[in-house]
Amino acid sequence: MNPLLECSALSKRYGNVTALSDINLTLERGKIIGLLGPNGSGKTTLIKLINGLLVPSKGQLLINGTAPGTETKKVVSYLPDKTYLNNWMKVKNLLNFFEDFYDNFDKKRAYDMLEKLHINPNDSLKTMSKGTKEKVQLILVMSRNADLYVLDEPIGGVDPASRDYILDTIISNYNENSTVLISTHLIADVENVLDEVIFIQNGRINLQSSVDDIRMKEGKSVDAYFREVYKC
Amino acid sequence: MSWELKNDRPIYIQLIEQIHFRIISGEYKSGSKLPSVRDLAAEASVNPNTMQKALSELEHSGLLVTNRTSGRFITEDQSMIQKMKLDLAKEQLVNFMEQLKKLGFSDEEVKAFILESVQ
Amino acid sequence: MLGRLIKHELKATARYFLPLFLIAIVLTPITRFTLWIGNYPKILQFIPTVIVFVYVASLIMVASASILLIIYRFYKSMVTDEGYLMHTLPVSSESHILSKLIVASIWTVSSWLVIFISISGMFFTADRLSLLIDKLSYAWFYINTTISSSLMALFIIEIIFIVILGIFTAPLIYYASIAIGQVISKNKILGSIIGFFIIQVISQIVSVVLMVPVGLYGDRVSESANSMFSFFANFFFPITILLAVFTQIILFGITDYIFKKKLNLE
Numbered sequence: 001m002n003p004l005l006e007c008s009a010l011s012k013r014y015g016n017v018t019a020l021s022d023i024n025l026t027l028e029r030g031k032i033i034g035l036l037g038p039n040g041s042g043k044t045t046l047i048k049l050i051n052g053l054l055v056p057s058k059g060q061l062l063i064n065g066t067a068p069g070t071e072t073k074k075v076v077s078y079l080p081d082k083t084y085l086n087n088w089m090k091v092k093n094l095l096n097f098f099e100d101f102y103d104n105f106d107k108k109r110a111y112d113m114l115e116k117l118h119i120n121p122n123d124s125l126k127t128m129s130k131g132t133k134e135k136v137q138l139i140l141v142m143s144r145n146a147d148l149y150v151l152d153e154p155i156g157g158v159d160p161a162s163r164d165y166i167l168d169t170i171i172s173n174y175n176e177n178s179t180v181l182i183s184t185h186l187i188a189d190v191e192n193v194l195d196e197v198i199f200i201q202n203g204r205i206n207l208q209s210s211v212d213d214i215r216m217k218e219g220k221s222v223d224a225y226f227r228e229v230y231k232c
Numbered sequence: 233m234s235w236e237l238k239n240d241r242p243i244y245i246q247l248i249e250q251i252h253f254r255i256i257s258g259e260y261k262s263g264s265k266l267p268s269v270r271d272l273a274a275e276a277s278v279n280p281n282t283m284q285k286a287l288s289e290l291e292h293s294g295l296l297v298t299n300r301t302s303g304r305f306i307t308e309d310q311s312m313i314q315k316m317k318l319d320l321a322k323e324q325l326v327n328f329m330e331q332l333k334k335l336g337f338s339d340e341e342v343k344a345f346i347l348e349s350v351q
Numbered sequence: 352m353l354g355r356l357i358k359h360e361l362k363a364t365a366r367y368f369l370p371l372f373l374i375a376i377v378l379t380p381i382t383r384f385t386l387w388i389g390n391y392p393k394i395l396q397f398i399p400t401v402i403v404f405v406y407v408a409s410l411i412m413v414a415s416a417s418i419l420l421i422i423y424r425f426y427k428s429m430v431t432d433e434g435y436l437m438h439t440l441p442v443s444s445e446s447h448i449l450s451k452l453i454v455a456s457i458w459t460v461s462s463w464l465v466i467f468i469s470i471s472g473m474f475f476t477a478d479r480l481s482l483l484i485d486k487l488s489y490a491w492f493y494i495n496t497t498i499s500s501s502l503m504a505l506f507i508i509e510i511i512f513i514v515i516l517g518i519f520t521a522p523l524i525y526y527a528s529i530a531i532g533q534v535i536s537k538n539k540i541l542g543s544i545i546g547f548f549i550i551q552v553i554s555q556i557v558s559v560v561l562m563v564p565v566g567l568y569g570d571r572v573s574e575s576a577n578s579m580f581s582f583f584a585n586f587f588f589p590i591t592i593l594l595a596v597f598t599q600i601i602l603f604g605i606t607d608y609i610f611k612k613k614l615n616l617e
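Residue numbers (this note's numbering), protein chains in the order written: chain U, 1 to 232; chain Y, 233 to 351; chain R, 352 to 617.
Hints are not guaranteed to be accurate.
Said to hold, decoys possible - BS3-like mimics (lysine-lysine), calculated; alpha carbons at most 30 angstroms apart, straight line:
no., chain 1, residue 1, chain 2, residue 2
1, R, 358, U, 74
2, R, 612, U, 82
3, R, 539, U, 82
4, Y, 265, U, 217
5, U, 90, R, 358
6, U, 82, R, 393
7, U, 116, U, 82
8, R, 537, R, 486
9, R, 612, U, 126
10, R, 613, U, 58
11, U, 220, Y, 333
Calculated directly from the structure, the hints in this document are not laboratory data.
Make a model of the complete structure from these sequences and hints.
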């Protein structure tokens, strides 16, 4: 079987700025992986490339052996770091929308999760707090049976209880055929949930390792190690 | 009892220790069925792979017994559990002795100290 | 997939258009009635004035809402944050553009219909209708006796084509401008305006260049009705149609290419 995600000599330039440089990366299935790096390190660029929102300047990016396009978008579920849904839409409209366009969308699962959070499907996004909106977005993304989930800063700017809920949702949606890629700078909060971490800086990958290896080798948490490595 | 996990040591090792505690304390009764990997991982807020690793180690050491169709069970082997209890106690004792030695107490002083606190 | 995009797009835009259409249509009998009353005492004269004003305003809004909303919808869903949702759907960018184009034309034609219905409703009387029918049948009779019917048929078919094509041209110009805009500038609105100008300049140049031979040829056409119709039906209209099709393909292609390769959402 193909590895889920494979980058070879992947580079992306915007004009004179090189956002990603010679990225070689392989992601296996059945893992929860953290993409960690300071701002401007190239995390967002890599994520956009995975989702087909950007095309590489050089090199190759393959998902299930295919370059990003209509086929890969069917199996990649993306949670961007912003409110990207139409504000006037009601939650149930959104569920129907996702069901229409994604064959692997599990509407029942979504409704169950919404109910547990006491979110009324008849409410429109406009009327919701930022935290609730983010939960709705997460529920929509995690209710798809995708091969690769890409979550960009899923717990930034939410209260600790919501944070726990989000992490628990990620854990309970886990299955051995899918991989979750979490891009975040809040490392300490997600460390326990990650199998592997990827450190990225200045458009290059510094490290790809399992969390346990780092803790054993360095004798400290990934968060502490990260701060050490990226001290200004 | 909630799962207390520290950040600077591998999680799976800590999970093994915490499951040891729960078996000894009786929270996980011997012979009882363990929740699924998924549920345990969600309870502890850890990666299911990590929980799986911990459970595999425990199976290896014999504390957990897997029945292919019905799941994982705590061993009924009381002597194994007793041994584990003793090992854990010994470990704590060794640590304790070392700490007190570092503080400068002699063996006699430690003995008196213990007798006093148990009174 | 295309069908679903169209359905979703219609749902998203109906909430703007339908109320507008309803207002215009409802205002028609109201305005007509207000004017029918005829003589108003001086103090009440503001009533018909205001109502006529509102009615005319509603018609203007129906006429202009169409293109404005089309532009706004495209901009919002394709190059702002909503683009993160749209461009990650498992749908080709051709389908996106096509669906928006189809919905744009549906609303454009609907707007025309609403305005037509409203104005007919305002001015309809049995007398006027029979007068209109009279004049039209006379004109039709006259045309049929002076111009060959095959030429006439061609002429009419081509006019229909030109009108239909025309519905697609305006949105495509704006779509391409918006696409170009997000490539050339961080300020997408400014960039779209610049893109719009670039497109206009280029198309004007091309039109002028093409119209020179057409104009020269046109000069030589004799003044008989038949040869004038012939000039249009056999020469001028076909060129216009070809030009329109060609332009639309290019505009579509530019927009599609940019979304596929040069998309840069922020």
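Each hint, compared with the structure:
For the hint pairing residue 358 (chain R) with residue 74 (chain U), the CA-to-CA distance comes to about 20 angstroms; that is within 30 angstroms, so the pair holds. Our distance criterion of 30 angstroms between C-alpha atoms is met by residue 612 (chain R) and residue 82 (chain U), whose separation comes to about 23 angstroms. Pair hint residue 539 (chain R) plus residue 82 (chain U) holds up; C-alpha atoms about 18 angstroms apart against a cutoff of 30 angstroms. The straight-line distance between the Cα atoms of residue 265 (chain Y) and residue 217 (chain U) is roughly 35 angstroms, outside the 30 angstroms bound, and the hint therefore fails.
A hinted pair counts as satisfied when its Cα atoms are at most 30 angstroms apart, and residue 90 (chain U) with residue 358 (chain R) qualifies at roughly 16 angstroms. Of the supplied pair hints, the one linking residue 82 (chain U) and residue 393 (chain R) is violated, its CA atoms being roughly 59 angstroms apart against a limit of 30 angstroms. Distance hint between residue 116 (chain U) and residue 82 (chain U) is fulfilled; the C-alpha atoms sit about 23 angstroms from each other, no more than 30 angstroms. Simply put, residue 537 (chain R) and residue 486 (chain R) have alpha-carbon atoms about 57 angstroms apart, too far for the 30 angstroms limit, and the pair is violated.
A distance of roughly 33 angstroms separates the Cα atoms of residue 612 (chain R) and residue 126 (chain U); the hinted pair therefore is violated under the 30 angstroms criterion. A hinted pair counts as satisfied when its Cα atoms are at most 30 angstroms apart, and residue 613 (chain R) with residue 58 (chain U) qualifies at roughly 14 angstroms. Between the alpha carbons of residue 220 (chain U) and residue 333 (chain Y) the distance comes to roughly 27 angstroms, so the proposed pair stays at or under 30 angstroms and holds.
Hint compliance for this structure: hints 4, 6, 8, 9 are broken, all remaining hints hold.
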